[in-house]
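Take the sequences, apply the hints, and build the full model.
Chains as they are written, first to last, in our numbering: chain A, 1 to 159; chain B, 1 to 159; chain C, 1 to 159; chain D, 1 to 159.
Derived from the structure by calculation, the hints contain no laboratory data. One or more of the hints may lead you astray.
Said to hold, decoys possible - Just so you have them, the derived chain C footprint on chain B, three or more residues with Cβ under 8 Å:
id, stretch
1, 49-57
2, 77-87
To be verified - Beyond 10 Å from chain A on every Cβ pair, some chain C residues (computed):
id, residue
3, T101
4, T110
5, K113
6, Q121
7, R122
8, V125
9, T133
Values in this document were obtained by computation on a predicted structure and should not be read as measured data. Idealized CB from N, CA, C, for every residue including glycine.
Protein chains: 4
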Amino acid sequence: MLGRTLSCPGPRRRTTARKILAEFKNCMTHELELRVRYRECDPMGVVHHTVYPTWFEMGRTELLRSMGGCYRDLEAAGIFLVVVKLEVQYRQPARYDEVLTLETSLVRSTRAKIEHAYSLQRDGVLLATGETTLACLDATGHVREVPGSLVTTGDAPAT
Amino acid sequence: MLGRTLSCPGPRRRTTARKILAEFKNCMTHELELRVRYRECDPMGVVHHTVYPTWFEMGRTELLRSMGGCYRDLEAAGIFLVVVKLEVQYRQPARYDEVLTLETSLVRSTRAKIEHAYSLQRDGVLLATGETTLACLDATGHVREVPGSLVTTGDAPAT
Amino acid sequence: MLGRTLSCPGPRRRTTARKILAEFKNCMTHELELRVRYRECDPMGVVHHTVYPTWFEMGRTELLRSMGGCYRDLEAAGIFLVVVKLEVQYRQPARYDEVLTLETSLVRSTRAKIEHAYSLQRDGVLLATGETTLACLDATGHVREVPGSLVTTGDAPAT
Amino acid sequence: MLGRTLSCPGPRRRTTARKILAEFKNCMTHELELRVRYRECDPMGVVHHTVYPTWFEMGRTELLRSMGGCYRDLEAAGIFLVVVKLEVQYRQPARYDEVLTLETSLVRSTRAKIEHAYSLQRDGVLLATGETTLACLDATGHVREVPGSLVTTGDAPAT
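Pasting the structure below:
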């Protein structure tokens with residue numbers, strides 16, 4: 001949905017492990033363009049603060065897709081990601097009909113949790129930032145290990 | 001939730017079938033009081049038109065409860081009610097923090113469908129009216145017959 | 001936002017008034033692609049019925065844009081369009097992550113009202129249809145005449 | 001809406017300043033009962049994480065009302081409170097039709113900001129906690145000083 005993945009670097013030579021890591025990390029970032037809906041705005045004429053985490057969720061869906069995964073298939077397979085922590089910092093308001101850019105990044109993952117960071121901009125102006133922590137549940141609602149496929153890209157640069 | 005059922009009439013004598021029917025119908029009406037949330041209002045400063053059908057759904061939940069049923073239990077038993085038709089007529093705007101009264105009525109039911117009507121008021125002023133038609137699905141998503149318990153009240157006046 | 005306007009026909013010769021009208025009407029239709037958000041789905045795993053009119057509103061915004069207008073500018077100029085009537089017919093459920101196509105058409109307009117029709121499809125399968133009637137208010141909330149620019153396209157075929 | 005203010009203590013003698021402060025603080029807490037709507041739940045069958053901050057906002061409205069204020073009147077007077085920071089910690093899921101208790105507390109205020117804390121429970125089980133920071137804007141969108149009436153209760157215990 002108007003999303004585009006920051007292009008993963010092509011083949012290269014003599015890259016150090018550090019460089020690989022940096023490039024790898026770039027692959028774990030996704031930019032999503034979205035247009036503000038009228039329904040998303042409140043009597044102050046600006047986007048209501050509860051809308052931002054909905055956009056963050058869209059960002060995670062598209063980031064995963066760009067990595068070769070599909071959250072819908074995950075749920076069909078009995079793997080559920082739930083938000084256990086949410087933080088949002090609001091800097092500038094967004095308004096109806098504006099086109100915004102949401103950058104979603106996978107910043108850290110362990111066997112138990114996945115952390116994402118978000119940056120929302122309009123024409124280069126930072127409007128909001130955010131962070132979420134996800135846990136992974138099985139079909140019975142019990143915590144389970146985070147599948148490796150969720151935090152590594154399908155076409156990750158080989159060492 | 002602030003809801004109250006229109007009281008069913010007590011014992012009576014020499015009521016005709018017609019009167020019984022009228023009283024029975026009264027039992028199929030429920031009044032719900034609700035306070036408008038800030039999130040439900042839009043840049044015009046009034047409740048967004050998409051919020052009304054959410055309130056209608058709340059009205060149906062409470063009407064069923066007042067009749068002795070519980071929609072949550074229905075779903076747990078594999079019975080799902082889905083909206084197949086929705087109509088809303090908007091007359092006057094509602095605003096943040098106002099306390100409104102939603103009257104939900106069961107107006108007609110067949111083996112295949114249930115029809116409700118809605119009337120939203122603020123201090124006696126009619127703000128909106130609406131109608132919905134529900135169909136009944138089983139756990140596999142197939143249409144099934146409407147359970148009788150959904151359209152008759154547990155304490156319906158006996159003939 | 002992923003929207004595309006059905007292309008208005010280019011120059012032509014010997015068209016009758018009837019043909020012009022038909023082509024003109026085509027200009028009054030807009031197709032919007034949208035991807036279902038997780039937040040838009042309910043415990044049945046399908047899009048909640050209250051979400052469709054939000055999509056219809058997006059369709060109207062994009063239809064107006066395709067005609068050379070901008071609803072945001074309208075409000076800034078003190079012209080407000082409010083929904084006075086809504087109807088939705090639900091045929092098939094939509095689900096999370098599906099890409100849907102919403103066709104929005106301007107079907108009728110008078111000095112007092114604007115009527116739109118909607119058709120929501122997934123891969124050619126009709127999921128829902130709908131109709132809305134809008135009235136036009138001024139900045140003080142009083143009914144005013146519908147501006148002609150709202151119901152005629154900027155690049156309408158000349159006779 | 002089903003809310004009740006923790007009762008402020010009545011007249012008393014020989015209270016120390018510390019006790020007064022503690023009682024005063026109690027007046028700055030409000031409990032709101034709310035019933036989970038079907039629309040608020042997602043395909044996992046639990047309340048979507050974006051709904052909690054909407055409830056927090058309702059809690060703030062009712063806390064202010066219990067203190068003798070009214071947010072709607074504030075906006076009418078050109079005073080706007082905006083969320084500049086939001087944090088939510090999710091512990092246990094909430095489900096459709098459950099009755100929950102939200103405790104909203106005013107925890108700190110300066111001339112520039114107001115901080116609230118939230119605790120959401122179901123039958124004594126803690127489901128979620130949260131914190132928000134609000135800033136105060138004037139009608140032109142510029143930051144202004146927080147009015148004292150927002151952070152002191154009308155019937156505050158006199159010293």
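A quick look at each hint next to the structure:
| no. | hint | result |
| --- | --- | --- |
| 1 | 49-57 | holds (count 6) |
| 2 | 77-87 | holds (count 7) |
| 3 | T101 | 13 Å, holds |
| 4 | T110 | 23 Å, holds |
| 5 | K113 | 19 Å, holds |
| 6 | Q121 | 17 Å, holds |
| 7 | R122 | 14 Å, holds |
| 8 | V125 | 18 Å, holds |
| 9 | T133 | 17 Å, holds |
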